[in-house]
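S.K.: All chains should be modelled from the sequences, with the hints used to inform the complete structure.
The sequence shown lines up with residues 1 to 141 when you count with the working numbering.
Where hints are given, some of them may not hold.
[Said to hold, decoys possible] Derived EDC-like pairs: lysine to aspartate or glutamate, alpha-carbon spacing no greater than 20 Å straight-line: (1) Lys122 x Glu41; (2) Lys131 x Glu120; (3) Lys122 x Glu135; (4) Lys126 x Asp81; (5) Lys122 x Glu134.
[Claimed, not checked] If you anchor each label on the Cβ, the simulated ranges turn out as follows: (6) Glu120 x Glu80: 16 to 22 Å; (7) Ala109 x Asn64: 18 to 24 Å; (8) Gln36 x Ala109: 32 to 38 Å; (9) Ala116 x Glu7: 19 to 25 Å.
Note that these hints are calculated values from the structure, not bench results.
Glycine residues also receive a C-beta, built at the ideal position from the N, C-alpha and C atoms.
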Amino acid sequence: GHLMGLESYRYTIAIAAEDCWRGFGTLDDMIGLCAQARESENVQLDVDAYNSLLEGIAGLAQHNMSSLADGERVMEWCTEDGLVPNEITWAGLLDIIVGEARHGRASLAHTSRVLASMREAKVTNKRNLDKWAEEITRIVR
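M.R.: Listed below in structure tokens is the structure:
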């Protein structure tokens, strides 16, 4: 039934995300899982599933196999599906930036844009945001 569909996707996505951090798995796998679930009549991905997807993309970024643009595309799908990204969703985007930074590909301008969007979305309290902003900016520099 409907619920089982979501549970299996959640599980599959979570396993795939772990693989991404270990350097196995590909962006196509992650995007494919997302597209497949979104096309399915009886599955509606929830924020947790999207968070796992972003976590996987962040894992790939550590291995120079994904970019912020990939994360932002998944974030767009999340909001298109009528979901509200939460703190963990946004943290996934920041993790992607950290991965980009490891490979000298992170842009301070993109980082500032993401942080500005987070402030706008009032994702978390100002103190947390300031702390995140400070940490990520230090990494990207």
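S.K.: Hint by hint, note whether the structure agrees.
M.R.: Here is what the structure says about each hint:
1. Between the alpha carbons of lysine 122 and glutamate 41 the distance comes to roughly 32 Å, so the proposed pair goes past 20 Å and is violated.
2. For the given pair, lysine 131 sits about 16 Å from glutamate 120 by alpha-carbon distance, which is consistent with the 20 Å threshold.
3. Proximity of lysine 122 to glutamate 135 is assessed by CA-CA distance (about 18 Å); at most 20 Å being required, the pair is judged to hold.
4. Of the supplied pair hints, the one linking lysine 126 and aspartate 81 is violated, its CA atoms being roughly 27 Å apart against a limit of 20 Å.
5. Using a Cα cut-off of 20 Å, the hinted pair lysine 122 and glutamate 134 holds, with the two alpha carbons roughly 17 Å apart.
6. Distance hint check for glutamate 120 and glutamate 80: the Cβ-Cβ separation is about 18 Å, which falls inside the suggested range of 16 to 22 Å.
7. Here the CB-CB span from alanine 109 to asparagine 64 is close to 20 Å, well matched to the stated 18 to 24 Å.
8. Glutamine 36 and alanine 109 have their C-beta atoms about 33 Å apart, which keeps the hinted 32 to 38 Å range intact.
9. Between alanine 116 and glutamate 7, the C-beta spacing of about 35 Å breaks the proposed range 19 to 25 Å.
Consistency note: the structure conflicts with the earlier hints numbered 1, 4, 9.
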